[in-house]
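Based on these hints, arrange chain X on the given structure of chain R.
Just so you know, the sequences run in chain order R and X. Take 1 as the starting number for the first sequence in our numbering and just add one per residue. Take 1001 as the starting number for the second sequence in our numbering and just add one per residue.
Simulated from the structure, these hints should not be mistaken for lab results. Among the clues, some could well be false.
What the hints assert, rightly or not - With a straight-line Cα cutoff of 30 Å, these simulated DSSO-like cross-link-like pairs (lysine-lysine) come out:
#1 1057(X) - 3(R)
#2 71(R) - 55(R)
#3 55(R) - 1070(X)
#4 3(R) - 1056(X)
#5 1056(X) - 1070(X)
None of the values given here were measured: they were computed from a predicted structure.
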Amino acid sequence: DVKVTQSSRYLVKRTGEKVFLECVQDMDHENMFWYRQDPGLGLRLIYFSYDVKMKEKGDIPEGYSVSREKKERFSLILESASTNQTSMYLCASRSEWGGEQFFGPGTRLTVL
Amino acid sequence: TQLLEQSPQFLSIQEGENLTVYCNSSSVFSSLQWYRQEPGEGPVLLVTVVTGGEVKKLKRLTFQFGDARKDSSLHITAAQPGDTGLYLCAGEAGSARQLTFGSGTQLTVLP
Chain R
1 DVKVTQSSRY LVKRTGEKVF LECVQDMDHE NMFWYRQDPG LGLRLIYFSY DVKMKEKGDI
61 PEGYSVSREK KERFSLILES ASTNQTSMYL CASRSEWGGE QFFGPGTRLT VL
Chain X
1001 TQLLEQSPQF LSIQEGENLT VYCNSSSVFS SLQWYRQEPG EGPVLLVTVV TGGEVKKLKR
1061 LTFQFGDARK DSSLHITAAQ PGDTGLYLCA GEAGSARQLT FGSGTQLTVL P
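Same shape as in the complex, but just chain R (with noise of 0.2 Å):
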């Protein structure tokens, strides 16, 4: 059974707190995204890397930034959260021909 998994499913941290957000995809994806999804405001690309040190900025990149040191792992990195970063984060992967893309459970940050 093929899977993205993401290390946590609920964070609280601190405004001004680096938090890490990891995932992971055992289906040897070359595509990794990461996308926040707020109410009303659907699935927004934050970043996406299509190989391994390779990184894109998504939609909306302020504020954080990316991490792709094996394949199979793709980090998300808030360095220092704030309020607005309250949200679920969601991790993806797809193969480079394109097709199914695969989602992880998500992670519900919240920022006090």
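Just chain X now, kept in the frame of chain R:
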């Protein structure tokens, strides 16, 4: 930037009713996918439509891709409470690595 607009944004119906969700764009897509997301989970693929005018059926769900490949619809017949969830359409365009997602339709089917 390509945009996909979904309508309606919210839909609450009684069990047994029929419904249609729409996904529209001014852009042409090479394929269009429909996902369903249940509370606390990530979206899961329901179907992919590729050819203009294509119709695919998944039990009580019927998906159609517009002739010009700019729009799609999802029709559910005799909705059941288990159909409750967020329905997302996503378009794939050319060589773009990422999908363009619609804003979603939150469906609630009341018993």
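Here's how the hints hold up against the structure:
A C-alpha spacing of about 26 Å is found between residue 1057(X) and residue 3(R), which places the hinted pair at or below 30 Å, so the restraint holds. Note on residue 71(R) and residue 55(R): the hinted pairing holds, with a Cα-Cα distance of about 12 Å set against a maximum of 30 Å. Taken as a hint, the residue 55(R) and residue 1070(X) pair is honoured in the structure, with Cα atoms around 29 Å apart against an allowance of 30 Å. Proximity of residue 3(R) to residue 1056(X) is assessed by CA-CA distance (about 26 Å); at most 30 Å being required, the pair is judged to hold.
Between residue 1056(X) and residue 1070(X) the alpha-carbon distance is near 17 Å, which keeps this suggested pair within the 30 Å criterion.
Checked against the numbered hints above, the structure violates none of them.
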